[in-house]
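Generate coordinates for the entire structure from the input sequences, incorporating the hints supplied.
Under my numbering, the sequence shown has 288 at position 298, and the numbering climbs by one with no breaks.
Be aware that a few hints might be false.
[What the hints assert, rightly or not] Now the in silico label distances, taken between C-beta atoms and shown as ranges:
| hint | residue 1 | residue 2 | range |
| --- | --- | --- | --- |
| 1 | Asn328 | Ala307 | 26 to 32 Å |
| 2 | Phe242 | Asn328 | 34 to 40 Å |
| 3 | Val143 | Ala107 | 47 to 53 Å |
| 4 | Ala253 | Ala217 | 39 to 45 Å |
The set of hints was computed from the structure by calculation and includes no laboratory data. All figures in this text were calculated on a predicted structure; none of them were measured in a lab. All residues carry an ideal CB built from backbone N, CA and C; glycine is no exception.
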Amino acid sequence: MVKSLSLKKTNLILPWLGGLVLVGIGTIAILNYWQTKSDRASEIITQTILVKSEDLTVQIQANGIVQAVRTNNLSPDEPGRIAELYITEGDRVEKGQVMARMDSDRLQAQVDRYKAAVQKAQANFDLIKAGNRSEVIAAAKARVTTAQANIAVAQARLKRNQEEKQRNQLLVEEGAISRNSFNEFVTKEAEAQANLEAELARLREQQESLREAQTGSRIEEIAQAKAELAQAKAELADIQIQLDKTKIRAPFAGIITRRYAEAGDFVDSTTAASDTEGATSTSIAELSSGLEIEAKIPEANISKIKLGQTVDIKVDAYSNEIFKGKVRLIAPRAVKENNVTSFRVKVDLTTGKDKLQSGMNTRLAFVGEPIAEAIAIPLAAVVTQPDGRTGVYVAEDNKAEFKPIQLGITSGNLVQIVEGLTPGERVFISPPQDLKIMGVDTVNVE
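So, in structure tokens, the structure goes:
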């Protein structure tokens, strides 16, 4: 009887226990499901970013190199040997400072000779311009007086000969003397007349000399002496310029970055003022002034670069510092290298001039005007589909769903989203490895 009751109780308890087991299993399954779903949601959160709008500081990234604003390889105007060299690498020089002197003995001798020629021409010009001295005028007057006295003598002689001729004219008519004797008196009269005319001519000559002595040199003579002096000075100036060019002067203030020659070396003149490395074998030194940074900006970004724009500068040598600069020049012509079109941009240094050195590599960030309330995501989140569409994977009900977007400007590692995303969505930085692509547009989490 007792055994029969025990069997009945057992039969009643077993179904009830079975139900409890089924309920427990179901509860565990539900809990596992929600736990799995929660874990998946947590995983999605860790692999996505929240899309939000914020002010975006526009930055165009580029690489650049520090270089001198101005560089010249200096050579003499004429080939020659370096007599003296006054500079060494690292020296700072001022504009016009003598850095070297070429051998100039031959030119110096020519300068001395032309200086003497100028002095001679100057003395001659001064003499002609000043006119004759009083003793010269007195001598001229004396010569005139002498000429006048000679004329008086000639006139007296002529008068005496004329009287003798007249007396003998009667005698020859009376036959007292012969015709031949009379002709002698005629000849003497003619000689006296000729002598008088000669003395009169000499008097006129001496009178003209006296007049010139009293009035000074003629305008033509002064002009000729002045021209001769000017020519002598021009010849001296020409050779003086050649001599001065044997002194190699700094064309601008700067620092000697390299020295190529030593005193006694022979230097050619074919590369004077060159700024190429090929000139080093025939140049005396390299002179550099100032520092700037040159960068090449791709054509797609050049419209975002403006004159005066602020630039952040980083270099490996000073990894913990950010130097500042401003855009000074945007080249008007593009450069094409390896099928990439870019523009040269030069940046003036605002800070770091005492630390940066020519040849350093730099990383530049051209800072533009901020865009208010912009939607921006990391560039790593942007993908391109096989059909060419650009977009991102957004999290939709534990699924990674492809969503097309329209890109705006790029700033560092961020890109502006012009269309396709709204604040509050979550975008995969990179889809989970266990996602399976369902078709073209959807990647399932499960």
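Hints versus structure:
no.	hint	in the structure
1	Asn328 with Ala307: 26 to 32 Å	holds (28 Å)
2	Phe242 with Asn328: 34 to 40 Å	holds (35 Å)
3	Val143 with Ala107: 47 to 53 Å	holds (49 Å)
4	Ala253 with Ala217: 39 to 45 Å	holds (44 Å)
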